[in-house]
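Keeping the supplied structure of chain W fixed, place chain U upon it in accordance with the hints.
Line order of the protein sequences matches chains W and U. Okay, so the first sequence: first residue is 557 according to this note's numbering, each after it adds one. Okay, so the second sequence: first residue is 5 according to this note's numbering, each after it adds one.
These aren't lab readings, by the way, just hints derived from the structure by calculation. Values in this document were obtained by computation on a predicted structure and should not be read as measured data. Hints may be right or wrong, so weigh each one.
Stated by the list, open to error - When the alpha-carbon atoms are kept at most 30 Å apart in a straight line, the in silico BS3-like pairs for lysine-lysine are as follows:
1. W:Lys996 with U:Lys88
2. U:Lys88 with W:Lys974
3. W:Lys979 with U:Lys88
4. U:Lys88 with W:Lys1006
5. U:Lys210 with W:Lys989
6. U:Lys88 with W:Lys1007
7. W:Lys1001 with U:Lys88
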Amino acid sequence: MKKAGGKWLGLALTLAIVLLLGACAGKQNANSQETAPVSSAPAAETKPAEAQPDPVTLRVSWWGTESRHTALLNAIELYAGKYPHVKIEAEYMGFDGYLQKLVTQFAGGTAPDVVFVNSSMFSQIGDFLLDLQPYGELDTSAIPEAVIRDFDYYEGRHLKVAVGGSANTTLINTGFFTRTGLDENIVWTWEKLLEEGERIHREFPDSYLTTGDLDVIDLIFFRPYILQKTNNKWVNDDHTVGFNRELLVEGLTYISNLFTSGTMEPFGEAQAFIGKMEQNPRWLQNNIGILLDVSNAITKYKEANPGSVLKAKPFPEHPGSLQSANPIVSGSGIAVNKETKYKEEAVKFINWFTNDPEAAIVKGVPFGPPVSGVALQALEEAGALDADIVAALNFAGAKPTSAPNVISSNPELGQINKDEIQKIAFGRTTPEKAADEILKQYASKLEELKKQ
Amino acid sequence: MASANRGPRGQAGDLPFFNISFEGERIMFGANRQGLWGVIFISPWIIGFLAFQLYPLVLSLFYSFTDYSIVRPTRLIGGDNFVKMFTADRDFYPSLRVTFLYTLMAVPARLFCAFCVALLLHQKLKGINVYRTLFYIPSIFGGSIAISILWRFVFMKEGVLNAFLALFRIPAVSWIGDPDTALFTISLLVVWQLGVSMVLYLAGLKQVPHELYEAAKVDGAGKWLILRKITLPYLTPIIFFTLVMQFINAMQEFTAAFVITNGGPMKATYLFGVKIYNDAFINFHMGYASALSWFLFAVMLLLTYLLFRGSGSWVHYEDGGKR
Chain W
557 MKKAGGKWLG LALTLAIVLL LGACAGKQNA NSQETAPVSS APAAETKPAE AQPDPVTLRV
617 SWWGTESRHT ALLNAIELYA GKYPHVKIEA EYMGFDGYLQ KLVTQFAGGT APDVVFVNSS
677 MFSQIGDFLL DLQPYGELDT SAIPEAVIRD FDYYEGRHLK VAVGGSANTT LINTGFFTRT
737 GLDENIVWTW EKLLEEGERI HREFPDSYLT TGDLDVIDLI FFRPYILQKT NNKWVNDDHT
797 VGFNRELLVE GLTYISNLFT SGTMEPFGEA QAFIGKMEQN PRWLQNNIGI LLDVSNAITK
857 YKEANPGSVL KAKPFPEHPG SLQSANPIVS GSGIAVNKET KYKEEAVKFI NWFTNDPEAA
917 IVKGVPFGPP VSGVALQALE EAGALDADIV AALNFAGAKP TSAPNVISSN PELGQINKDE
977 IQKIAFGRTT PEKAADEILK QYASKLEELK KQ
Chain U
5 MASANRGPRG QAGDLPFFNI SFEGERIMFG ANRQGLWGVI FISPWIIGFL AFQLYPLVLS
65 LFYSFTDYSI VRPTRLIGGD NFVKMFTADR DFYPSLRVTF LYTLMAVPAR LFCAFCVALL
125 LHQKLKGINV YRTLFYIPSI FGGSIAISIL WRFVFMKEGV LNAFLALFRI PAVSWIGDPD
185 TALFTISLLV VWQLGVSMVL YLAGLKQVPH ELYEAAKVDG AGKWLILRKI TLPYLTPIIF
245 FTLVMQFINA MQEFTAAFVI TNGGPMKATY LFGVKIYNDA FINFHMGYAS ALSWFLFAVM
305 LLLTYLLFRG SGSWVHYEDG GKR
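The following block holds chain W by itself, in its conformation from the complex (with noise of 0.2 Å):
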């Protein structure tokens, strides 16, 4: 009887550590990037008891920062305040990794139910989106139909509500154009910049006029270089490249020059600070003059560098160039788990959150200034859009281009022209070889890029 008592008591300790370890897994952890928290609906909007609608509870998930986190919680707050009977859990984390946990989660049956998304991940997870043609209490028609057709669209399907606007665009910290005598008006073409980037490391050996990090050299130095040239895309919808070996040769020489001039900070210094350039203490320390980036990182350089003033100014270009290759990007929108059990009540979700004007107003800009005209207004009569961020899409509007497709947002195809970046940054080949390198490259992923 003792042994067999010893046996119970042990299998029931063994049971107790089993089930201790598994809810130990899958507890929440309260200083974990990606919380949970429920928002739940006050009573103070209530509908008559034979009039409540089902309870409803969505998933709703997006990247960012923690600016982005608070606006959107601000916004889910407000919805459940007037939709009482639904109950929205976010999920949100920061941009690395996000791509990867949605994909598996979509393979596995899992994602959330309202997605925050990008176009360039359309080629990955289109095939989980819900189409939202057939929602006709979707209404768009606020959005501009260009809008709606280069950025929301994939392979004939309406896959997302864009929700907001960026483009490229020059950032300048005044403090450092007084202190070295560059006047705040220059119209910058990429050549003026090699030009007052020499003068300025000649003159202040520890400044540099810009940094880059090497997703920024390859999509807003090198590709917009060559693209000015030509009317092209960067890798055309039939696969086709929209450059040639000369417009390489050309591009990467100039990435060479902004390094052996002395006006790109070295870059094996600049990639400690890959997606984060806002932490590099040369930035930090006013040592650096201009930085090339979206219009939508222009709050968290201010956020970094409260001490400076900073002012958007119009991207570079070429004299006389054939497009500006600076495109206002609505990449990011709103989208739906075509799995989800409640495909009317998330496109009623994103139909408010496009389109109310109150919610414009408390989620403010986290994607930069929506593209629906009705939150747009809305923002601009309160005051609360950033008058840079503003000013560098008008910028960007002011010349014609063409839209970017997804193909060329390929992350494979980016690597191809980040490894040549880095070996011409490092001198360790010549802009010819690593033209024909790539190249050679591009045929044989696009090829295979095709047949997928």
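Structure of chain U alone, referenced to chain W:
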């Protein structure tokens, strides 16, 4: 093993879960209660092993013969992934080379440093345990994200190390931003975490018979000769064990390279683990990444086998000297 003896009343044979016995022509089965209880108690581990180790292992082997990408339907493609690996992936050989270089740098350095520290700490001094603890603390941190981020801030151009070197007017070096120094810098992280190996060596040093040291001193042997002829031979089994374990860990290294340098600059730290991650989770070529993983496994298996084969000539065991 079960053994059933026939006869009017056969002896019971014991299997883990049940007994077999014979009564005449009848075979009787009875539950082996003790064995059954044992299985019940280890069942959590068995379930975990089956669900989280064996099943993923078998599935990844299957995926290595497909074009599995999570987002698209999966097709069997035979050995195409393995062919691509050797013939069409421009990062395959460079990544393998970097991984071997990293292993050849990090493993011997860690073994050597751990051994030296163990020798230093193998003394009867007041407070020696405090020093042992201090040297062990880095191992507790492990290869965590936080430590990797800390490493980045120590070794970047404007980091702590260069600030220290500036005190001696040594020019700043871009330790993690220069392709020539980046791999060495991230291998230092592994060397820094020498605590576990140090503890093993300390334990081994305590096992060396004191009579041998005394006899050697009586014969006039110096410290260097004692180290070479007595201490080292006695420690070779532990050295071999740590060599094998650290070799396996180094070949699979991921966190430091991913967090500190993200495989750069110029893929100077593009370890095989980082490559597998990128192919799987950035490019969504899960099938190909599975094939890469099995290739790495095969390489590690082969090299570990070679290590074992070669150990006979230099590893000395107490039971009869050489194996």
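- Are the Cα atoms of Lys88 of chain U and Lys1007 of chain W separated by 30 Å or less? Holds, because 16 Å separates the two Cα atoms, which is no more than 30 Å.
- Query: Would the pair Lys1001 of chain W and Lys88 of chain U pass a check requiring their Cα atoms to be no farther apart than 30 Å?
  - Reply: holds (13 Å)
- Item | Restraint check for Lys210 of chain U with Lys989 of chain W, where alpha carbons must lie at most 30 Å apart | violated (60 Å)
- Task: Please work out if Lys996 of chain W and Lys88 of chain U have their alpha carbons no farther apart than 30 Å.
- Result: holds (17 Å)
- Query: Taking 30 Å as the top limit, are the C-alpha atoms of Lys979 of chain W and Lys88 of chain U close enough?
  - Reply: holds (24 Å)
- Query: Is Lys88 of chain U within 30 Å of Lys1006 of chain W, Cα to Cα?
  - Reply: The given pair, whose Cα atoms are some 17 Å apart, holds under the 30 Å limit.
- Query: Does the structure keep Lys88 of chain U and Lys974 of chain W at a Cα separation of 30 Å or less?
  - Reply: holds (22 Å)
In summary, the structure is inconsistent with hint 5 from the numbered list given earlier, while agreeing with all the others.
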